[in-house]
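Peer 1: Quick note, the sequences are listed as chains D, H, R and P, same order.
The first sequence maps to residues 61 to 369 in the numbering used here.
The second sequence maps to residues 25 to 382 in the numbering used here.
The third sequence maps to residues 253 to 900 in the numbering used here.
The fourth sequence maps to residues 484 to 769 in the numbering used here.
The hints are simulated quantities; they were obtained by calculation from the structure and are not laboratory data.
Be careful, since some hints might not be right.
[Claimed, not checked] Derived lysine-lysine pairs resembling DSSO-like cross-links, with alpha carbons at most 30 Å apart:
1. P/603 - H/221
2. R/850 - R/747
3. R/547 - H/374
4. D/155 - H/153
5. P/661 - R/547
6. R/569 - R/813
7. P/661 - R/515
8. R/886 - R/747
9. R/827 - R/886
10. H/374 - P/603
11. D/214 - D/196
12. P/603 - H/34
13. P/603 - H/153
14. D/122 - D/285
15. H/34 - R/468
16. P/603 - H/372
17. R/803 - R/716
18. D/285 - D/189
19. H/374 - R/515
20. R/841 - R/803
21. R/891 - R/827
22. R/827 - R/841
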Amino acid sequence: MGFFLETVIGGLMAGMLYSLIALGFVLIFKASGVFNFAQGAMVLFAALAMARFSEWFPELLKFDSKVLANVMAFVAAMALMVAVAWLIERLVLGKLVNQEGITLLMATLGITYFLDGFGQTVFGSDIYKIDVGLPKDPLFLLEGTFQGGVLVNKEDLYAAVIAAALVILLSLFFQYTSTGRALRAVADDHQAAQSIGIPLDRIWVIVWSVAGFVALVAGIIWGSKLGVQFSLALVALKALPVVILGGLTSVPGAIIGGLIIGVGEKLAEVYIGSKIGGGIEIWFGYVLVLFVLLVRPQGLFGEKIIDRV
Amino acid sequence: MLYRENGQFKTSYTSDLQVFPIAQDRIGIALLLAFAVFAVPLLADEYMFRAILIPFLILALAALGLNILVGYCGQISLGTGAFMAVGAYAAYNLFVRIDGMPMLLAILLGGAFSAAVGVLFGIPSLRIKGLYLAVATLAAQFFCDWAFLRIKWFTNDSASGSVSVSGLSLLGWKIDTPHEKYLLCLGIAIVFAMLAKNLVRSHIGREWMAIRDMDVAAAVIGIRPVYAKLTAFAVSSFIVGVAGALWGFVHLGAWEPAAFSIDRSFQLLFMIIIGGLGSIMGSFFGAAFIVVLPIFLNQALPALGALVGVTISTAAVAHTEFMIFGALIVFFLIVEPHGLARLWSIGKEKLRLWPFPH
Amino acid sequence: MQTTFPRLMLEHAAKRPTAPALREKVYGIWQTTTWAQLAVLVRDLACGLAQAGVRRADHVVVVGENRPRLYASMLAVQSLGAVPVPLYQDAAAAEYLFPARNAEVRMAIVEDQEQVDKMLEVRAGHPPLARIWYDNPRGLRNYAEPGLESLDALVEAGRAHGAAHPGFFDGQVQAARPDDVAAMFFTSGTTGNPKGVVHTHRTLLDRAGAGARFDKLTEREEVLAYLPPAWIGQNIFSYAQWLACGYVVNCPESASTVMIDLKEIGPTYYFAPPRVFEGLLTSVTIRMEDAGRIKRWLFGRAMEVARRVGPQIMDGKAVGLADRIAYGLGNLLVYGPLRNTLGLSRVRVAYTAGEAIGPDLFTFYRSIGVNLKQLYGSTETAVFVCLQPDHEVRADTVGVPIEGVEIRLADSGEILVRSAGLLKEYYKNPEATAEVKDAEGWYHTGDAGFIDAGGHLKIIDRAKDVGRLLGGPNDGAMFAPKYVENKLKFFPFIKEAVAFGDRREKVCAFVNIDFEAVGNWAERRNLPYAGYVDLAGKPEVLELVRECVEKVNADLAADAKLAGSQVSRFLVLHKELDADDGELTRTRKVRRGYIGDKYQALLDAMYGGRTEQYIETAVRFEDGRTGKVSATLKIVDAKVLPALRQAA
Amino acid sequence: MSADTAVGPTAAAAADPAAVPGARRRRQGEVVLEVSNISLRFGGVKALTDISFDVREHEVRAIIGPNGAGKSSMLNCINGVYTPQEGRITFRGRTFDHMNSREVAEMGVARTFQNLALFKGMSVLDNIMSGRNLKMRTNILQQAFRNPWWSGAEREESEHREVVERIIDFLEIQAYRKTPVGRLPYGLQKRVDLGRALAMEPQVLLLDEPMAGMNVEEKQDMSRFILDVNDEYGTTIVLIEHDMGVVMDISDRVVVLDYGRKIGDGTPDEVRANPDVISAYLGTSH
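Sequences are here, hints too, so could you generate the full structure?
Peer 2: As structure tokens, this is what we get:
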């Protein structure tokens, strides 16, 4: 039982992080109808930036306050992500308005490759550390209930909390800020939004910046967990089924989807994987989603699509 | 400029329906083939065969298959690598488990298995569209990666998890020199290119394109989306599977699942984007481009660096390659969504109208 | 030629049954009718017509585009010894009425609904028109008019009738004599009713054969039939010579696809009036303007070379090696492709006729390697009178009298022709016939001209317009206004010209500038102008026109007979001559007399030696409003050269 | 006269609406298609409410109404693009409560679309050829191995090509045969759309605003084509238009919709006289 709970909790933690990345997807899809395959690349890029900046600033400016270094690195990285967002809007999306989803998807594939290449050219391609002081030591809960209690990694806990906070923050942002409402308007109908004078290009820059911010946070958390390396980009691939499961356009969907898949794949790994050679996390989420889609083509929380003729 | 079309009038539909209705084109293609079959073997050295020609032909074949699905039927797929893998491993198992199994048959059956799997993962495409489908195909990718890595049966319980084949022969003709391998691949590529061309210019091809361009209208004129999409998946994965088998058997000889990873899927997707969506010819252009570019960069960049006195590491080259591919994809999607093939046909039109611009 | 059209057709069918006789682009492909199939079709049609009551010497109207079944119908009519009367398919119903009555037409074979509607109108005014057959049933399903049937029905009926009366058809064909009437062509005279020009099998075939031998035509020629079949030119090239030589006639898919079809077929024997060639050239220039700089440069250079040596090479004259190479290169890069895109790659012989063709236009085609030649002839002469032999081609002559033609010049300068190809008569119009055909069988062409030193015929004008100068240095010299005007109009800057001089001591001319051409010219020189009147008055423009005039004068001086017609004074009119103001005919021919009276003041000024003259004229605008334009026109003197050779 | 000035059959055969419908009405048969009590909702929005009408063989039946009256939705129900929540559709005696596009097509119902739904990536020829797909029998293998010498697929292609060519000829678009549809002017694209529908050799032809956005000549041509189709092939025609003028000329009976309800049904004259129709059309009538 304790083991089960442990697994579930572990799943939830991982799920939270998936949601975090999924959130990036959803934001961008809602606002610009782009299925941003590059989200993973952005995570890697942001993490790389964060990691290297936090090394470079102390060297350059000759100080050794970790906090300061991290803060500066964070700000710089964020600025970089905004720049990236701006460039993507200028050079890519701006030129592909009103194109089909497929085309845009492929474009983001291009962006992915570019960012991966660019990031590693600029920041190097070794494994780097991010240390924002997340505690690494484990933590035992409910020791009373079962003997041995339930082991939870503190780092995960913090991460989950941060992720949750971010998710809530963004939902609020969408609900209550004017920009947020503008974003929703754009998502619902580009032409209409434009006609009531919402500047699409600026909105897109904002959205991509927000996505960049999310990517940065995700990057920091995963980075400090696994170390910053190319494989980070692949974490995004884990998040894809989450988005689809939740429904491309739904923020809560992204969160719940994340949790479902996080828990689901852990349980599956533990209870099924062990019997069939293990490592089934890689595809579990996808196959799960596949079956869900057969029932609900628009995902759990997505809107139904009607063809007008 | 080279065209002299006066007097080339068609007195029957058959002659009007030819793949190359213009005499000059027929001559051109004949010369090209003759060159590929007779001249290239004389000119190319071992490295050429191994590093460029054979990979080019096989990947072109795979791209061709993918193009049928994405370019003609408009169903995005990010799982091509998986279907190549299925083809390769199926062929492998047939080849090693059934003794006396002819190589070619094994390869074709590999394609057949791949087709079956393709249809299986294509089924979602009946309910779901575009982006959602992309994810479904990714499912295929990851599942197959896993299956061929973890399920020992597929790899014939080989300890290392890598498999290998040897003693290739075709109807008694032993195929071991690169030259022979090249000819084998060339032959298969040509045959499949022709078959594919026939399909896309027949009514099945029109059904695919109809679904791609305007699925509601297609349904209204009586095209069954189910049939159209699944046939596209089947044909596509069949060709991709054959390519996969060739990649394993002929190009690699010994391989691991990594040979068919998601990167392979993306690489093939890039080939058809750059080469030209919805164009047989384009698949070959794209493959040539993407096979040659890295090799070119590997030569050029360090040399360039040397000029300005910078030493450029192989890693750097690899990253530049990434950047260039990424940039190119975006560039083509924006500037010429129909890729090199379109540029080619525009050039051809210009030659036909020469000296007039239009 | 001891034969008739139907017999020729049957001979081809017997000799080369499977060879293509006609091709028509239908449903996207060139559907072929072999000679054998044609023979069968003609037989059925003929039997059908006979059953429907067609008798020898009846007239049957045939109206429509070039369609194989209409060709077959003409053959069928001829096989019965009856006379096909082709009429212009774009004419209005009213214009059919006179021919129908004049030829007592009882039956008509037409192309489609459009023509049927017109024929039904004709019938209203000419009840005897009892039977009408149509080739294309589209839109005619609900027509219930009596005597209206499809050609298919006719063929059916004919087949039955033919089966019932074996040997009937062949009997009819054998009964036909070469001197029977073969066809009647209505020429719209400038005044009065059109005249029916009657030709026999002999007359048409004699000329067709002569023309064919002249250019060594074979049965392998390909011809595209796109001009109205009612026009004798079209009839000779794609009917008479078709049967005489047995080559292939191709019918385009539709009016909108002629250019595409031309390119596909690539005819080897091509005929078109200058208008068509001009249209082609214009399209070339326009399309080249959108080309990139390099291409334009290449094109320009290539055309220079072509202009310089092209015609000589065409004429088989010796040219320097360097030039040969340059031309060869040009041929590879420009002329060849150009011919291809125009559909003229395979042309062996191309003819133009009907009106004078500008030298630039003419030489353009020859310089890019199209063997374009001129011929002289008319409906009455069954076209072939004079043709230009290869290697002896010039822009301002129409070639040498060919086999079987005698030419004489009347003192008036009028050209008289005698050949076996002359019309039999004008139908039911003996006096008109007598006017043009004298006792010794000379046909009076009504054209004035002369044979030049090289033995080539040179047309200068309609005989009735040729005048004489009176007094002055060249008293009594021949004055050919049209000839002068044409020479002037060949300059792109000059749109219209009117030359005066008959019974005057010297020649003076009114000139209309081409607003567009001169406009561009002015802009290139960034010469500002307010509008037509302003531009026409600019001294620079007058200078420009003077150069043209003097070039013409130099040209005329070279020719003893015409030296007197040089233009000594001219002015540039302040308004464009316009049919709405009665200055031009609807076919844009200048009405010299009317203009002379209207602008009397200007004429007087010119001959009165004044240097300028104020004029005010009423004009009618498109929208029917009328207004006045006024200007003070400068009168310019042009250099006149002495005649080079003394008159022989 | 030169090549470019010849007059094709186009110019003359201007439709004479006055005469032709008379001819047609004589050929009018019994009811082929009957729509009864159709109601359609999107979520809360009511697109159609309790619509009933019938279509007789060989007639030209118009459905008119202001924009947003639910005309297109009606067509979409008939050929199975939408599934109405209530109501039945009876076609040649068979009754359906929802149609499936394929079945509808097989039963011989074709349609054109309001805002062109052509296959952008294909030539005019291929677009119209695609309309033949139901009539094509050869299987994938035969097609893959097609060749000029011994091939059912090749023969099939040629046969259907000829049918299609007749349609191209009928619609007078010979000059554009191999042009990609995208490059054609709007009016011609409409013709291709019609051609694609005709290629199905339909018994009933649904036309969704065939003349929308056309200039006067184009409208004339189109009306002529519609009438010709109706005469030559006896095809029953159901057409939607918001432009009353044209419709009244060419149709035998007219249904009028407004806000998803039927407000009138009858011959053009009856409908013209109908007060509801007049009020519905105030301002919008052309």
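Peer 1: Given the hint that residue 155 of chain D pairs with residue 153 of chain H, test it: the Cα-Cα distance must not exceed 30 Å.
Peer 2: holds, 24 Å
Peer 1: Keeping to a limit of 30 Å between CA atoms, is the pair of residue 803 of chain R and residue 716 of chain R held or broken?
Peer 2: Roughly 27 Å between the alpha carbons, so the hint for residue 803 of chain R and residue 716 of chain R holds.
Peer 1: Is the straight-line distance between the alpha-carbon of residue 122 of chain D and that of residue 285 of chain D 30 Å or less?
Peer 2: Within the cut-off at roughly 27 Å; holds.
Peer 1: Under the criterion that the straight-line Cα-Cα distance not exceed 30 Å, is the pair residue 603 of chain P, residue 34 of chain H satisfied?
Peer 2: This hinted pair holds, its Cα atoms lying about 26 Å apart.
Peer 1: Need the status of pair residue 827 of chain R, residue 886 of chain R: alpha-carbon distance at most 30 Å?
Peer 2: Roughly 14 Å separates the two Cα atoms, so the pair holds.
Peer 1: Given the hinted pair residue 34 of chain H and residue 468 of chain R, is their alpha-carbon gap at most 30 Å?
Peer 2: Cα-Cα ~27 Å, so holds.
Peer 1: Would you mind confirming whether the straight-line C-alpha gap from residue 850 of chain R to residue 747 of chain R stays at or under 30 Å?
Peer 2: Judged against 30 Å, a Cα distance of about 19 Å means the pair holds.
Peer 1: Against the 30 Å threshold, does the CA-CA distance of residue 841 of chain R and residue 803 of chain R hold or violate the hint?
Peer 2: The hint holds at about 23 Å.
Peer 1: Please work out if residue 603 of chain P and residue 221 of chain H have their alpha carbons no farther apart than 30 Å.
Peer 2: holds, 20 Å
Peer 1: For residue 569 of chain R and residue 813 of chain R, compute the direct alpha-carbon distance and say whether it is at most 30 Å.
Peer 2: holds, 29 Å
Peer 1: Keeping to a limit of 30 Å between CA atoms, is the pair of residue 285 of chain D and residue 189 of chain D held or broken?
Peer 2: Satisfied, since the Cα-Cα distance of roughly 9 Å is no more than 30 Å.
Peer 1: Run the distance test for residue 214 of chain D versus residue 196 of chain D: straight-line Cα separation, threshold 30 Å.
Peer 2: holds, 6 Å
Hint compliance for this structure: every hint is met.
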